[in-house]
Every structure is written in C-alpha cells, then in structure tokens.
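J.: The primary structure of each chain is shown beneath.
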Amino acid sequence: MTDIVRADKVAFHYLQDGRGLEPTSLSIQPGEAVLITGVSGCGKSTLARCITGIIPHLYRGNLQGVVWLDGMQTTDTPLWQLTERAGLLFQNPTAQMLAPSVEEEIIFGLENQGLSSATIQKRLEGTLDRFSLQALRDRSPQMLSTGEQQKLALAAVTAREPSVLVLDEPLSMLDSTAVIDLITYLKQVIHSGTTVVICEHRREYLDLIPDLQTIQLDSHVPSGTTIPEINIPKSTISDFRLEVSDLGVQLGGRTVLQSLNFSLSSGQVIAVVGRNGVGKTTLLRTLAGLQEHQGSIMLNGKVGRPDLGMVFQNPDLQLFNATVGEEVLYRLPNPDMIYFDWLLEALELTRYVETPPLLLSEGEKKRVTLASVLIRQPRHGILLDEPALGQDGGHKAMLIRLLRALAASGMLIIMATHDLTLAAQADHLVLLGPDGIAADGPTSEILRSDSPWRRLGLELPGWVRTPE
Amino acid sequence: MSRRWTLGRGRRLSLARHSPLRMADPRVKLAIGLCVSLAVMLPVERLIAFMVIFLIFLCWARLLDAIVGQIWRLKWVIVVLFLVDWWAVGLDLAITVTLRLVLLAGALTLFFATTTSAELRMALEWLRIPYRYTFSLSLALQSVGMLDDEWRAIKEAQRSRGAWSSPSGWRRTMGQMRNLVALTVPTVVMTARRAWSVTEAAYARGFNSPNRRSYHQLNMHRLDWFLLAGTVVIGMLLLLWR
Chain W
1 MTDIVRADKV AFHYLQDGRG LEPTSLSIQP GEAVLITGVS GCGKSTLARC ITGIIPHLYR
61 GNLQGVVWLD GMQTTDTPLW QLTERAGLLF QNPTAQMLAP SVEEEIIFGL ENQGLSSATI
121 QKRLEGTLDR FSLQALRDRS PQMLSTGEQQ KLALAAVTAR EPSVLVLDEP LSMLDSTAVI
181 DLITYLKQVI HSGTTVVICE HRREYLDLIP DLQTIQLDSH VPSGTTIPEI NIPKSTISDF
241 RLEVSDLGVQ LGGRTVLQSL NFSLSSGQVI AVVGRNGVGK TTLLRTLAGL QEHQGSIMLN
301 GKVGRPDLGM VFQNPDLQLF NATVGEEVLY RLPNPDMIYF DWLLEALELT RYVETPPLLL
361 SEGEKKRVTL ASVLIRQPRH GILLDEPALG QDGGHKAMLI RLLRALAASG MLIIMATHDL
421 TLAAQADHLV LLGPDGIAAD GPTSEILRSD SPWRRLGLEL PGWVRTPE
Chain X
1 MSRRWTLGRG RRLSLARHSP LRMADPRVKL AIGLCVSLAV MLPVERLIAF MVIFLIFLCW
61 ARLLDAIVGQ IWRLKWVIVV LFLVDWWAVG LDLAITVTLR LVLLAGALTL FFATTTSAEL
121 RMALEWLRIP YRYTFSLSLA LQSVGMLDDE WRAIKEAQRS RGAWSSPSGW RRTMGQMRNL
181 VALTVPTVVM TARRAWSVTE AAYARGFNSP NRRSYHQLNM HRLDWFLLAG TVVIGMLLLL
241 WR
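Going down the list, the sequences are from chains W and X. Residue 1 is where the first sequence starts when you use the working numbering, and the numbers rise one by one after that. Residue 1 is where the second sequence starts when you use the working numbering, and the numbers rise one by one after that.
Hints listed in this document are in silico derivations from the structure and should not be mistaken for laboratory results. Watch out, some of these pointers could steer you wrong.
As the list claims (entries may be wrong) - Cβ-to-Cβ under 10 Å is the rule here; a few derived chain X residues that face chain W:
| hint | residue |
| --- | --- |
| 1 | Gly-90 |
| 2 | Ser-138 |
| 3 | Ile-154 |
| 4 | Thr-199 |
| 5 | Arg-212 |
For glycine and all other residues, C-beta sits at the position ideal for the given N, C-alpha and C.
Here chain W stands alone, though its shape is the one from the complex (with noise of 0.2 Å):
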C-alpha cells in the first residue's frame, strides 16, 4: 500500500532560535493511526507543520530531507492544495478560532475548498450534528469553554474531510472530561477511515484510542533532572492557617464563585481540580489579592491578605526583559544570588541564562515565571494557574519535586490544574463546581470517592486512583 505521508530524514531549523526538529524518518500509511510523542522541545509540533506542509510555506529557517503527502512533495506543492489532504488542529483552541460564530468557523473552510452553496449546506448541518454543535451555532467561538472550543476546531478540520488529521497537542488545555470527549469524536473521525496523526506527550488518555501506532522522537533536550541540593530560604513566617469564609465573586454580573469554605495550612501542596471555566484562576486571582470579593480571608484567625506570588497561565503576560537572568531579577536591589543559581538550575534555566525569554518554549517560558516569583520568596507562598502546561512527564516530575522542597520549607503552594496526574500528587485536593466546592480533603481520599466527581461530570480515570 502506498504512504499517505512519508518523511525521508527531514529536519527543521527555525531562524529565531535555530530549534526545530532533528533528522526524522516515518512513514504512515492510509487509515493507521499514531502518536508522535516525546520530550518537550523534540520537535513535535514542528514534525506536524512539516507534514501539513505549513513548513516551508509559511515558516522560514533551514529545511532538510523531504515530506510527502498522498504522493505530493510539501515543498512542491501550493499550501492551499497541501491543505486540501492534510487538516491541522493546534495546540491552544482559543489562538485558531478566526470567525464571529460557531458556523461560521466551520464554513470558513469549506468556502476555501470552492464547493457549492448546496455542499456546504449539507456538510455544515452534518458536521453540527455529528459534534452535538447545533445549540452553538450563532454563538461566538471566543464565548465557548476551552472544550467546546477545541470541538470546534476539530470539527472545523474534518468538515474539510482530509485524507490524514494531524494534531498538535490537542489534549494539553482540557480538562479531563473534554479530553474523553474529544477522544470519542476522534474515534469516529479514525472510523471513518481518516488518517489521524496525534502529536502529545500526554499519552495517558490515548491509549483509549485502539491500534494506535508509537512513534518516539529523539531529543537532545534533558527532561527532569533531580533537583539539586540545597537548603530552600525557610520561610520568614511560622507555621499559619488560611481560612476562607463565604468567599463569592461576580464578575460582569455573573457569580463565578459562591460561598466557598475552605481552610489551608502552611507546608502543603493544595490541588484545586474543576471543569473548564469553573472558577479556578478567579479562585486564585482573589487568594493572590487581585479580584474584589465578598466573604472573608483570614490568616491565624485574623483579616488578612496572605502575601502569595502567582504564576499565571499565560506566561507571555509575565515577560518583557531582555534575557532570562534580567528578568527573574528585575527590580530586586538585593538579589540572593545563591538561590537564584540554585533556581535556574533546580528549573533547568541555567543554559538560558543569556537567552531572550521569548524565544523558549511554552514550558520553558513558564518555568521563568516560576522563577520570577520564587526569588522574591513570597512570605506565604504561590499560587500555580496550569503549571502542567507544556511540560512533559519529566518536567512534570521536576516541577512537583520543586514544590514539595517549597512545602518543606513552610510555604503554601496552591495550584490550579486539569492535569489529575499532577493534582493526583498533591497533598490535598480541592474540588470545585459550578456550586461551589464539592469535596476537599487528603488526596488519598477524594481520589478514592466517585460521587463528587460524578457530580461535576468529571471523569476520574482508573489509572489516577492506582498510579504505576
């Protein structure tokens, strides 16, 4: 049978960074589907703009060995006839919708492929349909949860029904009900005979996907490393006790969290898991001080704002210096510059020292807002908005060793995640609803219960409860 995609030694160097994609060889053939998988920063994604002919068309920066697809060499052939066979789906949803609603996202691209007014018709109401889309149709993509939005983008793409779907990451923003979802919709798409080609280093969910295929990418990149020794500055405060009381906030008129009671202490690593658009990041914007609120927080019984860093989830909202030593240490008269060596070297940093931050990868940028914080040693602790993203299983590891070492020391560490494997090693979990908060206890222990889960629709998969 012939390829559908074949790859004779291709590599990609971009021209910003010189980073891309080692030599590579595959070939895939027409109805399989695989996974590419592998460290981040090996090339993933670079592997996925080389197959859909995105790179060399659209990116510039040193191509070598040569893609085809269904018989047409990449560098060859017109993108837009590339994209005829090969539908991409991004990583982030939110960055690839472009139309004003939910039906006009998915007829952008069958506009692009010339069919009649009639075609069209037909495979819009069949795509809404066949993606429960139909009660979104005259809503605005930029109005729909992170979820609904990659749905869509799914939906988008294969409406345009390519011979082969590649996607980039696509679990890497969801929680784990929308993972499952999107795992069921792209069973049918592999069904129906696509092609699909899965780019992630989440490989957990997708061995719910059958006969799927592995490919490993080599990487010179390290992953994970031991967190070197070192005694982690105590922090300046006794052992304290956050209390929060009634806490509700609104936001544009619509309450976004509701009469939530939890209490916190010091030297814990708190995991607080929900749906998509739950609350999560208000719930910390408000602990960190930045969200007007009602209810009450407490400190050791008394009113008070806790002093607590916050690492954003975007960490292109954090960065603006010159290079990552400049601004981990912006506006700090007097640094320790023992523990910020111990730092960069702890987040895998230290060869980035030099490099402008915006040229890292999305972990490797998220690690520096981390650093970011953590050298002004916050006096209570921080607060973590998605910090599984773009992290592989090494960095992964790393990062909850990082915050356990900070624990240990006194500190608070809250985090907001969809990823359950790092809320799994948490030392409480904190569910929340749309309600408010459905359980909150010892991990151990709301792991080991379904009925809150059930009761968010979120799915809490086997192996979370008895990890390897």
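Given chain W's structure and the hints, the job is docking chain X onto it.
T.: Relative to the frame of chain W, chain X by itself:
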C-alpha cells in the same frame, strides 16, 4: 443557495439585536454612515437641522441608548476639544466642531452596533476590495474587544510578580516608564502571537486557495430599498442645500 444573513455576536461591541437596522443589508448601512459623515460639512444651523433628523432616525432604530453611551465614553475628548476651540478661535467654531465630532461618533456607532465583522467583510467584498484585506480587517475588528481584557491581565500578572509599582515623588515618572515597558512588551508580543496563530489556522484551512467561493449572498429586502431610497434623497438634499 441564498439565505438571510444571520450571525453570532462579536466581542468587540455588543450588538443591538433589538434594532430594526440589525437585519438591514450592511451595504445600506455603509451608505447611511457615508451620508451622515457627509453632513459634517454643513454649516452650523443646517447641521443642527440634520442632527434633529438623525435623532428621529436613531429613535426609530432604537439605537439612542447605544449611541449616547458611546458618546459618553468620549466626553473628555469632546470637552477638551470644545474648550480649546472656544479659547483659540471662538464659540461658533467650538460648537460646530463638537457637533461634527458627535455626529461622526454617532455614524460609527450606528454601523458597528448593528453590523458584525463578517457582514462588514461581505459589504467590502461587494465593493471589490480583495478578500485577503477584508478578512484581515474583520479579524482585527474581532480582536479589538480582547485588548481591554489583555491589558488588565498583563497588569495583574506583572503586579503579582512585583514588576509593577505605584511610586511617588520624583521616582514617579521613572516608575511609570518601567510600568509602561512591562505593559507594552507583553501586549505587543501577545498581539503579534495571536495574529500569527490565526494566520496559521487560516492557512491550514486553505485561506490562500484560488478556488474560494462565498457561501453567503447579500440580498436586498423591502426595508433595505426603503432605507437606501431615504439615504439617497437626504444625501442629494445635503449636496444641493447651499
């Protein structure tokens, strides 16, 4: 297949869904906007007369609230401009310039409160403006509403890592300059990144295909013809009224 054009809401400015102009053809609304913009050339007493007609039209279109709201947001610009013109030239000019500014703001709000970016794109395509430009313009308009949220998020993010300060005294200017850098660099980076992501997503769905065929057709209905006739008559009167 042609059908009545309906679209979802955009984020940039809430659509006045209750307005009868919401379902009007975007080409007609462009013509109305052009006619109102032409009126700024009228001398002050005729300008006032035109504004009365415009006001009645806005009441019919149920857009008075939306337009007053937008003009209220410009209040300080209007007040400063009025005072500067009054001080520099005289009261007559100050009144004329202010009325012109209000009228222009009204014309723009009338159009954008009742038209989505996709409808604007179709109207511009009908005017033979190439698709790549009309598509870029509609994307830019869709993004406007996100800028405000983005600025606020960046400010919060910088504050939370201690990179934002509110200094006083002689350090104030220096502090504000640093804050500006901390705000501007991420804004530029994020805007450029978003623009690139959307470009990539568009090309990945065949944006540059020479075979593109538009699914929607613009159709003139009875209301559109009536509005167009009224606009042409008023436009002619404006041109002939000397």
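J.: Determine for every hint whether it applies to the structure shown.
T.: Results for each hint:
Residue-level restraint check for X/Gly-90 is violated (minimum Cβ-Cβ distance to chain W is 44 Å; threshold 10 Å). Here the hint on X/Ser-138 is kept, as its CB sits about 8 Å from the closest CB of chain W, short of 10 Å. For X/Ile-154, the shortest C-beta to C-beta distance to chain W is roughly 5 Å, which falls under 10 Å, so the interface hint holds. Look at X/Thr-199: its Cβ gets to within about 8 Å of chain W, closer than 10 Å, so that hint holds up.
Because the smallest distance between the Cβ of X/Arg-212 and any Cβ of chain W comes to about 5 Å, under 10 Å, the interface hint for this residue holds.
Of the numbered hints given earlier, the model fails hint 1 alone.
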